[in-house]
Amino acid sequence: MGFLDTLLGRTKPVQPKLDDLFALPSAAVTLDAGAGFKPTGSGSVCFRPVEGRSFSDVQKDVQELLDVSSGKEGGLPVEVTKDSYGFNWLVSSRMSDELDALVTDLHAVNSSLVDNGFGPQLLCTLVAFKDDQERRLALVYLFKRGTFYPFAPLSGERRDNALELQVKGVIGDDLKFEPDLARWFPVWGAPGL
Amino acid sequence: MAARTRYAPDRGLTVRMTATMFLLGLVFVAFIAAIIGIGTAYNASDAAIVLFAVVIGGGFAIGSLFYSDKIALRTAGAREVTPQEAPELHGIVDRLCALADMPKPRVAIAHSNMPNAFATGRSADHAVLCVTDDLMRRLTPEELEGVIAHEMSHVAHKDVQVMTAASFLAIIAALLIRFAFYGELFGGGRGRGNNQNAALVMIALMAVSIVVYAVSFVLIRLLSRYRELSADRSGALLTGQPSALKSALVKVSGQMSRIPTNDLRTAQPMNAFFFAPAMHLAPKGSLAAIFSTHPSLERRLAELDKVQQQLNSRAG
Numbered sequence: 001m002g003f004l005d006t007l008l009g010r011t012k013p014v015q016p017k018l019d020d021l022f023a024l025p026s027a028a029v030t031l032d033a034g035a036g037f038k039p040t041g042s043g044s045v046c047f048r049p050v051e052g053r054s055f056s057d058v059q060k061d062v063q064e065l066l067d068v069s070s071g072k073e074g075g076l077p078v079e080v081t082k083d084s085y086g087f088n089w090l091v092s093s094r095m096s097d098e099l100d101a102l103v104t105d106l107h108a109v110n111s112s113l114v115d116n117g118f119g120p121q122l123l124c125t126l127v128a129f130k131d132d133q134e135r136r137l138a139l140v141y142l143f144k145r146g147t148f149y150p151f152a153p154l155s156g157e158r159r160d161n162a163l164e165l166q167v168k169g170v171i172g173d174d175l176k177f178e179p180d181l182a183r184w185f186p187v188w189g190a191p192g193l
Numbered sequence: 001m002a003a004r005t006r007y008a009p010d011r012g013l014t015v016r017m018t019a020t021m022f023l024l025g026l027v028f029v030a031f032i033a034a035i036i037g038i039g040t041a042y043n044a045s046d047a048a049i050v051l052f053a054v055v056i057g058g059g060f061a062i063g064s065l066f067y068s069d070k071i072a073l074r075t076a077g078a079r080e081v082t083p084q085e086a087p088e089l090h091g092i093v094d095r096l097c098a099l100a101d102m103p104k105p106r107v108a109i110a111h112s113n114m115p116n117a118f119a120t121g122r123s124a125d126h127a128v129l130c131v132t133d134d135l136m137r138r139l140t141p142e143e144l145e146g147v148i149a150h151e152m153s154h155v156a157h158k159d160v161q162v163m164t165a166a167s168f169l170a171i172i173a174a175l176l177i178r179f180a181f182y183g184e185l186f187g188g189g190r191g192r193g194n195n196q197n198a199a200l201v202m203i204a205l206m207a208v209s210i211v212v213y214a215v216s217f218v219l220i221r222l223l224s225r226y227r228e229l230s231a232d233r234s235g236a237l238l239t240g241q242p243s244a245l246k247s248a249l250v251k252v253s254g255q256m257s258r259i260p261t262n263d264l265r266t267a268q269p270m271n272a273f274f275f276a277p278a279m280h281l282a283p284k285g286s287l288a289a290i291f292s293t294h295p296s297l298e299r300r301l302a303e304l305d306k307v308q309q310q311l312n313s314r315a316g
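Protein sequences, first through last, are from chains R and V. Numbering of the first sequence is given in our numbering, commencing with residue 1 and proceeding in unit increments. Numbering of the second sequence is given in our numbering, commencing with residue 1 and proceeding in unit increments.
Hints are not guaranteed to be accurate.
[As the list claims (entries may be wrong)] Facing chain V, from chain R, some residues (calculated, C-beta under 10 Å):
1. Phe-22
2. Leu-142
3. Phe-143
4. Arg-183
Derived from the structure by calculation, the hints contain no laboratory data. Each residue gets a CB set at the ideal place from its N, CA and C atoms; glycine is no exception.
Could you put the whole structure together from the sequences, leaning on the hints where they help?
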């Protein structure tokens, strides 16, 4: 924020960074080789809905678009759920070996929100992973920072910090990780995880 | 290529805020000119007393800026809470910080029978956000989020710094009034000749300071009201839900005005940082409206209506 913005008391909404999301498929290979976590095939986009007709129209269009593309390949339809904080989650479920297609789905959601001027409403994107012992892990992409962080929930709203740091070490430079640990905020009960 | 956006700055608000700050600057310059003028006209050196006021006033302003978070938390009787103690509140703050790309402020809860919230701290990295437990009880999660987005906009706009800088002049003027008054009271008895001149200097200094203090006080309050409107706008744009903020405003203002004022003497110094003032809301056009730190409920709701239309319009 510039000096003039401070003086005039205004904040311009922050536009999301979308491109770094495509680093995910190659990082997933490293993650599997290094820690044994495989993608579950489900991923979601979390955004803040805007009140009024124009946003709900855009959301409907996005949903139809994804349903058509996944329907052709016999996939599951996308789901929209609302969490207790009032954020919407659009969940896309693919086969576990279709991470590329999943990332393309998620990118389609992001870019259509951005194209319609709702880019600042994007919060994060989450891709779910699982290992042989059924431990759950998510890689969360922060749109405004253009960075990733791992999130490993345990039962009872606790998180497995050791696993999260291990994952960060395993993937290393394949993903841009969020350096500020204070921004690794928990997404309890995120759909698709 | 620039991203498409629904955001458009509010020109009217920008113009009015710029004009207010320009006038404040003008008063500042006029004040300095008057002090120099008095000094040369009476051939007296009033530099010592003015320097003294600037040093003390500056120390006071910088001290209150640096310790604003601690002072505010102590005054409000607030306690910092961990994510384990208040998971919902931290969840809301986490999400808003991620949306706005801001560092997360510390979060505190105050025990109070008033539904209110404030944010303070000398910078975004040292910010602290406080809500009263009564606010959390009365508001729905979406309304609470609207209030928190408003407070986080205060942090983003650096309102504590801006208002401290704006008040600096008024603090010095207030100190000079006092110094000149005591100087007149105790310095008057010592001989004649030169001292008659000194007495005139003191009276002139006092008169100028009183005028400066009164004018800058009104301008600072005006600036404060504009910055509240800006925070409302930015907060509503951030959450995308101006209606939730509106309903929170209506609820909180209704509650605040029902509380008897004599219970609120302790709360009055905190008003500038509050979400809604802890006093009766002044009717439009009254003298009280000119002196209030917050705009009227109607004005705030009208401004949020504009945001609502903006969000629903075609992307530009």
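Results of checking the hints against the structure:
1. Phe-22: violated, 18 Å
2. Leu-142: Holds, about 6 Å.
3. Phe-143: holds, 8 Å
4. Arg-183: holds, 7 Å
Hint 1 alone, counting from the list given before, is not met by this structure.
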